[in-house]
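Student: Spelled out from the first residue to the last, the chains are:
2 protein chains.
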Amino acid sequence: MSYQFEHVVVKMWWRRGIAVIYATNEESAKKVLEALKENGYPAVLFKYSLENVERAWSCYDAIVFIMALGGVVRTVCRFAQGKDKDPSVVTVDDGLKFVIPVLGSHWGSNKLTEELAKALNSTPVITTASEQSGITSIEELANTLIAKVINVNAIVKVTSALLRGENVCVKGLKELPKGVRGNYVIGEECKYNVVVTDKEVECRDENTVCLKLLKVAVGVGAKKEASPTVIKEAVFHALDILSLTLDRVSVIASLRDSVESVSKELGVPFRKITPEEINSFNDECLTPPSEKLSELGLKGVAEVSALISGGNGAKLILRKIQYKREVTVAVATVGEQ
Amino acid sequence: MSYQFEHVVVKMWWRRGIAVIYATNEESAKKVLEALKENGYPAVLFKYSLENVERAWSCYDAIVFIMALGGVVRTVCRFAQGKDKDPSVVTVDDGLKFVIPVLGSHWGSNKLTEELAKALNSTPVITTASEQSGITSIEELANTLIAKVINVNAIVKVTSALLRGENVCVKGLKELPKGVRGNYVIGEECKYNVVVTDKEVECRDENTVCLKLLKVAVGVGAKKEASPTVIKEAVFHALDILSLTLDRVSVIASLRDSVESVSKELGVPFRKITPEEINSFNDECLTPPSEKLSELGLKGVAEVSALISGGNGAKLILRKIQYKREVTVAVATVGEQ
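Protein chains in written order, with full-length UniProt numbering: chain Y, 1 to 337; chain D, 1 to 337.
Misleading hints may appear alongside valid ones.
Just so you know, same-sequence chains aren't split out, so a pair can sit in one copy or run between any two.
As the list claims (entries may be wrong) - DSBU-like cross-link-like pairs, simulated, lysine-lysine; straight-line CA separation at most 35 Å:
| id | residue 1 | residue 2 |
| --- | --- | --- |
| 1 | Lys148 | Lys215 |
| 2 | Lys224 | Lys264 |
| 3 | Lys191 | Lys272 |
| 4 | Lys223 | Lys324 |
If you are wondering where the hints come from, they were derived from the structure by calculation, not from laboratory data.
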């Protein structure tokens, strides 16, 4: 079976991962999981329980349920908080006949549905008009750029301009991220603006939203035999997924000394992590450890390393992905001081 | 276009009618409405509003939404109260490409979905296992028979027996209603029983649930030119839908004198209704009046007549259906004294 996903617009939505949750049919769930993983999405399998759904609801960007739609709807009703807060939700029936976007059609679940249906040879049940409506919100843009909104109070005015169809100039970028909708233009001649910067700036113009690009911490888990070349490739693969360049990385962290040499080569500070640090670290959004990790007495490597080295306030922005079965990489934002 | 519905098991579910609610695409909604009506289902069209959904939720047996699934799910979450209380919910996309059961798969919405998809040449998106699970509850059986449970406290024991797979004898019926699931048997030799009766009985055996068959009131609206023959056919058509025989009818009611002759011929008391009575009557579940009725200053005929003649506590059990475009018939239970 070969899977052909489009890795352009969508992947930015699923950086925090896709939870695959099944009620009874583990076999079908594993097929869905594999379809997602083979295409590089960070996907994690869970058996249905209210506890698991609750965690997935807050920790993952999307949930794919393998169960009947009626049960999914009852579950969604229990956890839904609003369009801006809920993950995308997709349902696949036990027989893998249909893939159905349930929540977040315009936030990526239609696209995920189409990709998954193609991979599984199922029918995508798209019920929204094909034309995507709406605009990319400032918050989404910030999220895509891995940036922080400095002056939140300017968002309303700039958003209103976008909704009226007025141009909003984006300054500080050479090109817009792919998939951005709305009248954003690269330029200088607008009444309303979005300024993207990596500097500490003051932002007093009420017609301008300032976005500060955040630094990131890269956590790496590697098998003993993983070569520096493969480790380096894995780091760049993760940065590529996030559309980040190396200058955004403030630290690379790992249990392995072999990663340190890669850090040095890349000119990025290295942070050595100890097993004790890992096991005293708690975050409910961590990917459950694999059997092998559990045997080693570790609750995780890549994600925990990224979060520890990111410092206080670090947030996971790329759930761990595997690279060539030898390396795992996860990325967190570096916490504000 | 020809519609071929199966009128066997399902129709009992939709006696209180199917609300067709559309967000924007009235044209598609009307096609759905016609598909339902041409097969005799009492179906009513509404534009989406929270008020209309709220009323449909409590007044109709099923709701078919013509809109995107995401919006339907958000709406369902707002109104859902539990499996036993919610109507069946089905979604059809604006393009009539998919028909999707959302709530109540085992309570009829899968069947409704299949019928509707066939009529509309759409894809039925069935996500539950094809085998229907579960048993017909005592309450459902009572509802099907248009009966009242006399000793509610015996329900738990008899239901437990059914869930254990034990036989439950049904006494007082020659055959079981179609579509009943579970180990109900016609017979006398069971530990657990359901007694169906039209008498006032005392019911003290804790292993026996007693169901008292209710009398009904038939409300008739007729065009001036409708012949007694057609009126009579219409009445029997309604009784047939409910699997009722004439001896269950305690009154026939109408604005029209022509209906009185039919009542006499059938040996059923007639209740003449006046326009004043109709317009001073209030029930939030009434089918909204047609344009023609509104012009005549009437808020409804068949349903109001049935409810008025049914007395205090009367409940609508068959939303008005049209017969040969000349007669409308609705049925209510006769209120307990």
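Student: Run every hint past the structure and note whether it holds.
Tutor: Structure-based check of all given hints:
In this assembly of identical chains, Lys148 and Lys215 lie within 35 Å of each other by CA distance solely inside one copy; the values are 10 Å within and 69 Å between copies. In this assembly of identical chains, Lys224 and Lys264 lie within 35 Å of each other by CA distance solely inside one copy; the values are 18 Å within and 96 Å between copies. When the C-alpha separation of Lys191 and Lys272 is checked against a cutoff of 35 Å, the pair qualifies neither within a copy, at 48 Å, nor between copies, at 73 Å. With identical chains, the CA atoms of Lys223 and Lys324 are at most 35 Å apart within one copy only, with a shortest distance of 11 Å there and 78 Å across copies.
Comparing the model with each numbered hint stated earlier shows that hint 3 is the single one that does not hold.
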